[in-house]
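Peer 1: Between the sequences and the hints, there should be enough to build the whole structure, so can you do that?
Protein chains: 2
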Amino acid sequence: MKTYLECIPCFLIQALRAGRLARLKDEAIYDMLCELGGRIKEIPMDSPPPLTAIGVYELINKHVGSDDPFKGVKEESTKAALKLYPKLKKDIENSDDPLGLALRLAIVGNVIDFGAHEQFDLEKEIEEILHQPFGRWEEKEFREELSKADWVLYLGDNAGETVFDRLFIETIDKPVTYVVRGGPIINDATLEDAKLAGIDKVAKVISSGFKAPGTIIEKSSEEFKKLFYSAPLIISKGQGNFETLSDVDANIFFLLKTKCPVVARHLGTKVGDMVLCKVSNL
Amino acid sequence: MKTYLECIPCFLIQALRAGRLARLKDEAIYDMLCELGGRIKEIPMDSPPPLTAIGVYELINKHVGSDDPFKGVKEESTKAALKLYPKLKKDIENSDDPLGLALRLAIVGNVIDFGAHEQFDLEKEIEEILHQPFGRWEEKEFREELSKADWVLYLGDNAGETVFDRLFIETIDKPVTYVVRGGPIINDATLEDAKLAGIDKVAKVISSGFKAPGTIIEKSSEEFKKLFYSAPLIISKGQGNFETLSDVDANIFFLLKTKCPVVARHLGTKVGDMVLCKVSNL
Numbered sequence: 001m002k003t004y005l006e007c008i009p010c011f012l013i014q015a016l017r018a019g020r021l022a023r024l025k026d027e028a029i030y031d032m033l034c035e036l037g038g039r040i041k042e043i044p045m046d047s048p049p050p051l052t053a054i055g056v057y058e059l060i061n062k063h064v065g066s067d068d069p070f071k072g073v074k075e076e077s078t079k080a081a082l083k084l085y086p087k088l089k090k091d092i093e094n095s096d097d098p099l100g101l102a103l104r105l106a107i108v109g110n111v112i113d114f115g116a117h118e119q120f121d122l123e124k125e126i127e128e129i130l131h132q133p134f135g136r137w138e139e140k141e142f143r144e145e146l147s148k149a150d151w152v153l154y155l156g157d158n159a160g161e162t163v164f165d166r167l168f169i170e171t172i173d174k175p176v177t178y179v180v181r182g183g184p185i186i187n188d189a190t191l192e193d194a195k196l197a198g199i200d201k202v203a204k205v206i207s208s209g210f211k212a213p214g215t216i217i218e219k220s221s222e223e224f225k226k227l228f229y230s231a232p233l234i235i236s237k238g239q240g241n242f243e244t245l246s247d248v249d250a251n252i253f254f255l256l257k258t259k260c261p262v263v264a265r266h267l268g269t270k271v272g273d274m275v276l277c278k279v280s281n282l
Numbered sequence: 001m002k003t004y005l006e007c008i009p010c011f012l013i014q015a016l017r018a019g020r021l022a023r024l025k026d027e028a029i030y031d032m033l034c035e036l037g038g039r040i041k042e043i044p045m046d047s048p049p050p051l052t053a054i055g056v057y058e059l060i061n062k063h064v065g066s067d068d069p070f071k072g073v074k075e076e077s078t079k080a081a082l083k084l085y086p087k088l089k090k091d092i093e094n095s096d097d098p099l100g101l102a103l104r105l106a107i108v109g110n111v112i113d114f115g116a117h118e119q120f121d122l123e124k125e126i127e128e129i130l131h132q133p134f135g136r137w138e139e140k141e142f143r144e145e146l147s148k149a150d151w152v153l154y155l156g157d158n159a160g161e162t163v164f165d166r167l168f169i170e171t172i173d174k175p176v177t178y179v180v181r182g183g184p185i186i187n188d189a190t191l192e193d194a195k196l197a198g199i200d201k202v203a204k205v206i207s208s209g210f211k212a213p214g215t216i217i218e219k220s221s222e223e224f225k226k227l228f229y230s231a232p233l234i235i236s237k238g239q240g241n242f243e244t245l246s247d248v249d250a251n252i253f254f255l256l257k258t259k260c261p262v263v264a265r266h267l268g269t270k271v272g273d274m275v276l277c278k279v280s281n282l
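Top to bottom, those sequences are chains A and B.
Per our numbering, the very first residue in the first sequence carries number 1; after that it's consecutive.
Per our numbering, the very first residue in the second sequence carries number 1; after that it's consecutive.
Keep in mind that the hints were calculated from the coordinates and are not lab data.
What you are looking at is a predicted structure, and each value in this text was computed from that prediction instead of being measured.
We put the beta carbon where it would ideally sit given N, CA and C, even for glycine.
Be a bit skeptical, because a hint or two may be false.
Result set (EDC-like, lysine to aspartate or glutamate): computed pairs, CA atoms no more than 16 Å apart in a straight line [said to hold, decoys possible]:
1. B:K41 <-> A:D26
2. B:K79 <-> B:D31
3. B:K41 <-> A:D31
4. A:K41 <-> B:E123
Which stretches of chain B does chain A cover? Using the computed rule of at least three CB atoms under 8 Å from a CB of chain A, they are [unchecked claim]:
5. 9-20
6. 47-56
7. 159-170
Peer 2: Okay, structure coming up:
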C-alpha cells in the first residue's frame, strides 16, 4: 500500500501520541511536530506508510533521548496480558470451538490498549470485543488453508498482543515460526518482548532483521525472506503488516482491526471493523 | 480556548479536506501540506484555533487560485436546505412544542453535511439526528433566559445551516440580529449566503466585520462589539464560535455538535455529542 495524502496528518498524530506515551513535555512535542512538519516534503509517497514511520519514530527517539522509549510501556502491556492468560487458556480449552475462540482472541489482542485499563476492565472489554460483528471474516477459507499447511509463519505486531498470539499458537496443532521486528520501534514486539510473553516456549521466534512497524520484505534478512517465500501459510497481525504486505503475492491471511479510513477503504470495511482476510481476495 | 497540540495535525486535516472539497489535484494538496507543515512553527499556540485557521484557509485559497473556493459548495448547501424548508416549517407549526423542535432543528443544521446527500437521505438523516441523545442540554435554563430577553444576538455558522437558523428565528417571537462572517472563509455564511437562505426576511443581518471561522471580538467591527456587549442573550452556533468565545464573559448559549476531542474535553462530553450549554456553566 502506498502512502496517501491522509497519511500525512496521521504521521503528526502518531508523533503526538507517541510523544505523550513517552511522557515528553508539551514543549518538546511541539518542537517535534514543527520539525516533522518541515520534513513532510521528504516523505516518499510511493512507499508504504510504515517505512516512513521509521523516520517519525527516530525523531521521537531523538526528542525523548532514548532508543527504546516504549520499553516500559511494552513490559507493562505484556504483564497485563499475561495476567489474563490462565483464564483465557481455560476458556479456550472449555470451548466447543477452541480454534474459533483462539482466532477471535488473537484479534482481541490487536484491539486492546493494555496500558489504559485495569485487569477487571480488560476482561470486560475482551467479552465485548468477542461479541462485536466483523467487517470481513474469511474464517472458512482460513480453516481450510490452516488444515492443509504443515507449518505456519506468524508475523507478530505489538507487545501484549503477543500473549494472545501465544494462545492461538498453542491451540493450532502446527509448528509455528513467529516473526518479531528487527529492533525496538514504537510498542511493536521484539525478541525480548516475545520471550517475556512466552512465545519462545510454543514457537520458533526469529527477527525480521529490519526495524519498521510493518514487514518490508526487501529490507529483511535472508533468513526471513527464505521463510517468507517458502511458507505454506502466513498469518499477518495488525495494520502495519497489512500496509506493507497488501500487494505481496504470497499465501497471507491478514488479522487486524482497521484503524484508519485509508486501510478501511482498501479492505472495503468501516474504520473499527475487525478483519480476517486473504491477500488474494483483496 | 487556546490552541492545543492536537490542533496541529488537525490544521493539516482541515487543509486536506478543504483541498478535496475545492477539487484541488492531489499534487497541489501535497504541495499545500508541505508548505503548511513548514509553517507549523508560526502557529500562535495561545490563540484560539479559528484565528490560526485563517492562515490555513488563505493557503488553500492561494493554491486553488480563488478568494472564495467554496462559493459553489455554499450555494448548493443553501439550496438543498431550502428544499427542506416547507416540510420542516409545517412540522414545527404542527408540533406540540414548536420551540423545542425548532431548537433541535437548529442543531441538526450544524450537524448535516448538505453537500453529501440527496433530499430523501437528508430527511431521513434529520429524523435520526432528532432522536439522538444530547451530551449537555441546558434547555430549561435557555428557555428561561429567552423568555426574559427582549432581543437576541444570533451568531451564525455555516451556509445551509442558515436555513435551519431561519426556522428557529421564525419560531421565537423576538427581534433577532443575525451575525455572519466578515468575508468568505471555508463554507461559513457571509451576507450573501444569509440572504440566499432568507434570513434577511426574519432578522437584521450584520457582518462581524472580521473574516475568521469563529468570532474574534477584538478584531470585529465597533458595530458588532456594541451589539455583543449589550445583547441580553447571545446564541452561538457551531464549534468555531465556541472555540473563540468559550472564555468570554457574556450571556452566551452555545449550540453545537462537538467535532473534536479537544472541544469535547472542554465541554465534558464525547466527540459527536450535541450540546446546548451556557458559557457560565463551563
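Peer 1: A separate judgement is required for each hint: does it hold in the structure or not?
Peer 2: So, going through the hints one by one against the coordinates:
Among the hinted pairs, K41 of chain B with D26 of chain A is consistent with the structure: their alpha-carbon atoms are about 14 Å apart, no more than 16 Å. Between the alpha carbons of K79 of chain B and D31 of chain B the distance comes to roughly 33 Å, so the proposed pair goes past 16 Å and is violated. For a cut-off of 16 Å, the pair hint linking K41 of chain B to D31 of chain A stands: about 8 Å separates their Cα positions. Distance hint between K41 of chain A and E123 of chain B is unfulfilled; the C-alpha atoms sit about 44 Å from each other, more than 16 Å.
Here's how the stretch 9-20 of chain B fares: 5 of its residues keep a CB closer than 8 Å to some CB of chain A, so the rule of at least three is met and the hint holds. For the stretch 47-56 of chain B, the assignment as covered by chain A is violated, since 0 residues bring a beta-carbon within under 8 Å of that chain's beta-carbons and 3 are needed. Given as covered by chain A, the stretch 159-170 of chain B fails the check, having 0 residues with a CB less than 8 Å from a CB of that chain where 3 are the minimum.
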